[in-house]
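Given only the sequences and the hints, what does the whole structure look like? Please build it.
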Amino acid sequence: MSFDRLIEKIIEMKNPTVVGLDPRLEYVPEFIQKRYLDDDGWSLKAASRAIFSFNKLIIDEICDIVPAIKPQAAYYEMYGHHGVKTLERTIRYAKLKGMYVITDGKRNDIGATMEAYATAHLGSVVIGENEIEPFGADALTVNGYLGTDGIEPLLKICRERDKGIYVLVKTSNKSSGELQDKLIDGTPIYAVMGDMCEKWGEDTIGKYGYSAVGAVVGATYPQQLTELRKRLPHTMFLVPGYGAQGGGAEGLKGAFDENGLGAIVNSSRAVMCAYQKEGCDERDFAKAARREVIRMRDDITSYINLK
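Residue numbers (our numbering): 7 to 313.
Simulated from the structure, these hints should not be mistaken for laboratory data. Heads up, some of the hints might be wrong.
Claimed, not checked - Straight line, CA to CA, 27 Å or less: simulated BS3-like cross-link-like pairs of lysine-lysine:
1) K91 to K101
2) K259 to K112
3) K20 to K293
4) K101 to K51
5) K112 to K205
6) K103 to K213
7) K162 to K112
8) K213 to K259
9) K15 to K293
10) K213 to K20
11) K293 to K283
12) K313 to K20
13) K213 to K236
14) K213 to K101
15) K15 to K313
16) K101 to K112
17) K40 to K283
18) K103 to K62
19) K20 to K62
20) K62 to K293
21) K62 to K40
22) K213 to K162
23) K101 to K293
24) K236 to K313
As the list claims (entries may be wrong) - Just the calculated beta-carbon pair ranges, DEER-fashion:
25) Q282 to A80: 17 to 27 Å
26) G183 to G134: 45 to 55 Å
27) E14 to D66: 17 to 27 Å
28) T125 to K103: 20 to 30 Å
Backbone N, C-alpha and C fix where the C-beta goes; we use that ideal spot for every residue, glycine too.
Structure (structure tokens):
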């Protein structure tokens, strides 16, 4: 199964982390911006080309120590069709470097529309005699609040193409509890959604005990992380909120099973902008990103027993 491949990379690298490549142009060092702005002017094309160069150099520096990247689609869509092309190029480049790719799209719809989303991000389209993957990610974040009608089209592709999904369960933002903590017959909505993830994934469980249906559970809620890990033994966690949003490494340990598996922790801005925080030469930005992911790895693994 798809998450078996991710877990094997985590074990090999002894690193349960994923880098969120969510770039804005202002994150890109000026020397890279200038190269493309001089060629294409102050345009969406120039911005998108600069962002791809930035992403590529970070991937080159981290691909031997970080198992996965997680590009957030919105940060590419904001630059129009040129940005969408950069998303595709980033995914393909990371996969060429052996990385697992989670597209953070939080897609949510039903029927034929959800089939189209699933095909775009995880599947393939047939054009004449050619079968082509539009984006080719390994996994996709999705919103499950339309129920099974919105998930079943994804499950079909997960089974057929060895892909995975992460369903929003307990998100890291401050206001998540306005809905997710409400009770249904005494059970919080986030726990009900977690139970649905277990049900949706029950026939896709891989050799490490985790299904193709994962859950997004924020680092900012360590008590719920621990609760949900016990409640959802077959559900792989994607854990945002570490670092910039305030989630600490010690609070993350409840997300992992007794083998130090079952979760992957995301950091985005802290990695991309590490050179700004360090105050180092902007031409050293990729090396600064590498230093940050090593620090993050060592911080998190000091609290878990990753075998």
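Need the status of pair K62, K40: alpha-carbon distance at most 27 Å?
Satisfied, since the Cα-Cα distance of roughly 17 Å is no more than 27 Å.
Under the criterion that the straight-line Cα-Cα distance not exceed 27 Å, is the pair K62, K293 satisfied?
holds (13 Å)
Please work out if K213 and K101 have their alpha carbons no farther apart than 27 Å.
holds (23 Å)
Has the given pair, K15 with K313, been kept, meaning a C-alpha gap of at most 27 Å?
Holds. K15 to K313 sits at ~13 Å (cutoff 27 Å).
Would the pair K313 and K20 pass a check requiring their Cα atoms to be no farther apart than 27 Å?
The given pair, whose Cα atoms are some 8 Å apart, holds under the 27 Å limit.
Mind checking the alpha carbons of K259 and K112 for me, to see if they're no more than 27 Å apart?
holds (25 Å)
Verify the proposed pairing of K213 with K259, using a straight-line Cα cut of 27 Å.
holds (22 Å)
Given pair status - K313, K236, alpha carbons within 27 Å:
Satisfied, since the Cα-Cα distance of roughly 19 Å is no more than 27 Å.
K101 and K112 were given as a pair; does the straight-line alpha-carbon distance stay at or below 27 Å?
holds (21 Å)
Tell me if the straight-line CA distance from K20 to K293 falls inside 27 Å.
holds (20 Å)
Check whether the Cα positions of K20 and K62 lie no farther apart than 27 Å.
holds (23 Å)
Given the hint that K112 pairs with K205, does the C-alpha gap stay at or below 27 Å?
holds (20 Å)
Hint compliance for this structure: no hint is broken.
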